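A.B. asks: Guided by the hints, dock chain C onto chain Z, whose structure is given.
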Amino acid sequence: MGMTNDENQRSAELWFNYSRARISRRTLVRSVVAIGGVGAVQALLAACGGSSKNTPVSSATSASTSASTSASTSAATTAPTTAATTSSGGATAAASPSSAAASTAPLIYNTQPNPKLPPQKLIYAGGQDAPTIDPSDRTDYSIGALTMQLYDRLFRYEGGWPQPIDPCLCVKYEASTDATEWTFNLTDQAKFHDGSPVTADAVQYSINRTLQMKKPRANSLLPIMDLNSVTVPDSHTVKIKLTQPYSELLRALDQPIMNPTVVKAHEVNGDMGAAWLVDHEAGSGPFTIKSWTVGTAYELEAVDDYWQGWPGDSHLSGFTWQIVRETTSQRIGLISKQYDVVDTLSADDVDQINAQAILNAQVNYGILTGYTKLNDQKEPTNDLNFRLFLAYAFDYQSYLKVINNYGQLLTGVIPKGIAYFDPSVGGFQTDLDKAKEYLSKTKWANGGLTIDFVYVTGLTFEQQVGEIWLAQLAKFNIKVNLVPKVWPDIVTGCKAPDSAPVMNMIFTGYTIPDQWFFYQWYSPNWDRPSGGDYNTCSFFKDDNFNKLVDQVRSTSDEDTKKKVYSQMQQIIHENVPDIPIYVQPNIVGLQNKVQGYKYFGAISVDFWRLWVDDSKENTKPSA
Amino acid sequence: MRLRYYILRRLLLFIPVLIGLSIITFVISHIVPGDPVGLAAGPGSTPQQIEALRKQFGMDKPLPLQYVTYMQNILHGDFGRSLMSRHSVGGDLRAFFPNTIELVVLSMLIAVCVGIPLGVVSAVWRDKWPDQFSRVFALGSISVPSFWLAIVLQIVLSMHFGWLPVGGMYDPRAAMPARHTGFLLLDTLIDGDPHAFIVALKYMILPAFTLSLGSIAFIMRILRADVLETLNSDWVKMLRANGLPERVILFKYVLKHSLIATVSVIGFIIGYSLGGSVVIETVFSWPGIGLYAVSSALTLDFQPVMGVTLMVGLIFLVVNLLTDLTYGVLDPRIRYG
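If you read the sequences in order, they're chains Z and C.
Letter 315 of the first sequence, counting from 1, is numbered 315 in the working numbering, and no numbers are missing.
Whatever position you read off the second sequence (first residue = 1), add 1000 for the working numbering.
Pulled out of the complex, with its shape left as it was, chain C reads as follows:
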């Protein structure tokens, strides 16, 4: 009952947060210098054409009125139209968001599958060669610029060995699988087409791996520190004194206890990656939301910027909520109220 109340309260808190976020983004996108309408009208446009476009997008009205109209439209599910492309922002979000989410999820899977074992190994064999290796790996992953690494991977794995494609989402010489959910891998599974699934996965491996490297380092370092701290705690010493095998202590008690901070980090990384994968998306020609947001921001195209901000903000809030709920699973002493 208390958990249900907690979730409800958190969901209700989403509303003021999103309203605040929308006001801040709206104001910032309108007070920065520059005339996006003049730019959108195109070179050589007459003043009448520019004004007509301004009127068409309601940008001739006072700012508060524009905001109220925008929010009213949002409530009706209308995110507006892009000034530059005239596309429906809702349609663009539907097209681009699943691509980024799919990429981020796969990269997080890689990060978790690699980062957690490395963190444990590093802590258990503290200052031994596995620890040294893990630390060098983590330092390297976080220090190497992702665009450089992406290009190196393209040169080695695509150009020289021809193992993986350079970029894109799917083989351009083949027909694109039908999109049911917008998530390509999921769609190929729904169609029961393993060949298409493997092709799509091959296109996703390089960008997902590159995106995951920074996350692996974060997860590994955080987990290593927590596992080390837990291994030295009194209750672990007591478990050892009681004769429990080291393997059971490590995986049943220590790891579970140490994962709380790691889960927080994972939640944060997921949110960050959703908007921050622009470099990866550019190099690998991945049609995701990061690229869409940055190209819109550079042309002051405020409707897509608002749409992306609100969607990323919403996902951040959801991920945070899920993270908080996971704490309770990992540590039953945590109570919600």
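Looking at chain Z on its own, in the form it has when it is part of the complex:
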């Protein structure tokens, strides 16, 4: 007898709480029996990874899945989730193979949604266009949100924040102890939209296409793979031999898997289907394209017999991504019921949306982090004491007030939701006495200098950071020029220390932990003839730090990683190449009837998880 989805979910939650010592074993057993007897015990075993076959590195488990015609399956899942440890105000996740526990997510979900909730169409007002959906090109929040609906990947990462790694095409994986050789076993149930099966050849083709095209999407793969890395022993097994060890491969492998036959059929002059894939798809995901009006609206419709089913009580019949760039228009459209979900709302909109009986605003904090980058190679910020002076001089609390408290101050050099965040390193707080002390150690003890603060033209929240700098540094007889620049100018300026400003406001964010350190502070990324980019605009250089980055990217030993990540955070904190300011809120407005929203660190939503329940129109979601 199959269990309902709720029962399955409840079992998984029980195991989660038990594994973190939040409930006793007695409570666990009593609750499981109360939920559903044998079925629940099976689900619980699945949730705790009972059938796992641990390798020295990975915690891959064997699959036992079956598509149920009723409700969901009680299948064991095999892809790992993150090992999460909660900390005050947030959670820390470690997603490396050695630290991973079995995922609680099933492979197959509801294949027959609740008949009382017929699938409905949803209108999404997205603040950004998706200029391309070629899975080998690049990704940003809109491109990512749409491609994840059209294509499947080896794993899903949208089950919550910090991001778990849930199964999708991959049902089992293994990695060698040195994190160089990886084996992925694929489900035999997945099929492309043309009905053909998703095979290992498709995975190999998709990864190799991305490597060959050498576009930004390939950036995380090119340093560790070449065209010989992926081999296919059989139709449902993929082997990857990395050119150098890389323990975060599971997160780097978010490559959408394409149907090679369809792509090859649309090749023109050997472009690997690039021109066609800009606005067409060749995937196996839960949605397919219905209409595509460039720069206006993108309409997707559900694949009714989607092989993985749907995680909610129902699902969407389709959705339209309507491009609405102006947040006021988004808000008005949401209130007047023209739109069901809107993204990129401002903090000023939250109260007004929550005041409506039929709406709710979801405010979450993920990875989008604002740093004031200090040019470490140019006076006066090449002096460590001056940088420390700045770190203590900034009025962090005032900035929070300016943005109506819709921001999360950084308590370290990276956000606390990122894996290996070390809270013991600490952050900076305003302390004008300390600031004065450090300033007195520099040759500008009495101020008398002028500094440029560069920010992106039109971004008020960046300008407000500059205004705080202006007010604070005036107390030390230092004048700040606020210099707005268009983004291309900022990117160009950040090529070399000489052309870069002394202070630069940059927002950035990465889901893979090593990338925070590699892209921002690893000096070979800017200390080269071709220069750096906006990530490296502090031009930090520390050979010891570089060695640690190299080490952490190649080790799979969890203890070593924790230690090295901690050391790296300490070095950055002590050297203050940047001043971490705050994590930006991610604000989404929804009609109450839209169910299934789950924040997963990105700006947009996972449409696969959503459904519409009209009976909930006046019911606000519980906090």
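It is worth saying that the hints were derived from the structure and are not from the lab.
A quick note: this is a predicted structure, and the numbers were derived from the prediction, not measured.
Please note: incorrect hints may appear among the correct ones.
[Unchecked claim] For lysine-lysine, the following DSS-like pairs were computed, each having C-alpha atoms within a straight-line distance of at most 30 Å:
#, chain 1, residue 1, chain 2, residue 2
1, Z, Lys436, Z, Lys479
2, Z, Lys121, C, Lys1055
3, C, Lys1055, Z, Lys495
C.D. replies: Here is chain C on its own, set in the frame of chain Z:
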């Protein structure tokens, strides 16, 4: 014969004007600081990727050679590809231009239908309440920022009364009508679908009305001044002395004579609106050419900027030509040569 020669001469003059425009735009877009290729390659791109992209777009070649190649491609109907989106600029222009033209035409229709009567009324009842009202209306229309007015209209007409949609081009819950010409209203008429026509029109009313307000004020003020001047001219006094009814004098003689300056203004406004409707397009999520041009300019994406500039320039020239030809219709004394 002289008219035909005049038109031919004007058409030939388009060529040096467009070449000049293309040179100026090309040079400006290439000498402004910033590296659009680095930006287009995306964050974390390697130098090799950036250089490969530069080569792919021919931006590694000397500037004069780039210009010659660009113009050769234009002659073959190829406007190039956008650095940022990799879309064909020709395809983008085909997608966005009709939307803006449709919006501008409707807004001009509103402006003409409202502005001309208001201008006449204002002149005929000079310093009376209709004139005062018209002047306040004109002053208000020109002084109120269009983005503010757009939002107020959205709040009142969409949010509170629910009469008109907030933005977009068509009901996102319904299937978009087939596009034959690219002009949505025209396409719904071609399909013989009055329901779709009304839906499309409802989506167009707010942006078109907001866009038209400034034009109404311009037209009204210009026409008022001309009608006043004409009403006081000797030949109108003579018409009155001959006993012609005031209505005939006003609509048959005075208005026709006074429209010349107004027609010039209308021509200018059409050209200006084509590239200057960006605020309206942003607030109402209208996928037009203004928004496309500004977002391209902000990322230094020169191919779309060039494409839009040349197209707007061409339309400006055509509208100017049509305006000049209209003078002859309004005033037969005007001769072309």
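A.B. asks: For every hint, state whether the structure bears it out.
C.D. replies: Each hint tested on the structure:
1. Lys436(Z) / Lys479(Z): With Cα atoms ~16 Å apart, Lys436(Z) and Lys479(Z) stay inside 30 Å; holds.
2. Lys121(Z) / Lys1055(C): Roughly 44 Å between the alpha carbons, so the hint for Lys121(Z) and Lys1055(C) is violated.
3. Lys1055(C) / Lys495(Z): At roughly 19 Å apart (the allowed maximum being 30 Å), Lys495(Z) and Lys1055(C) satisfy the hint.
Going through the hint list in order, the structure does not satisfy hint 2, though it satisfies all others.
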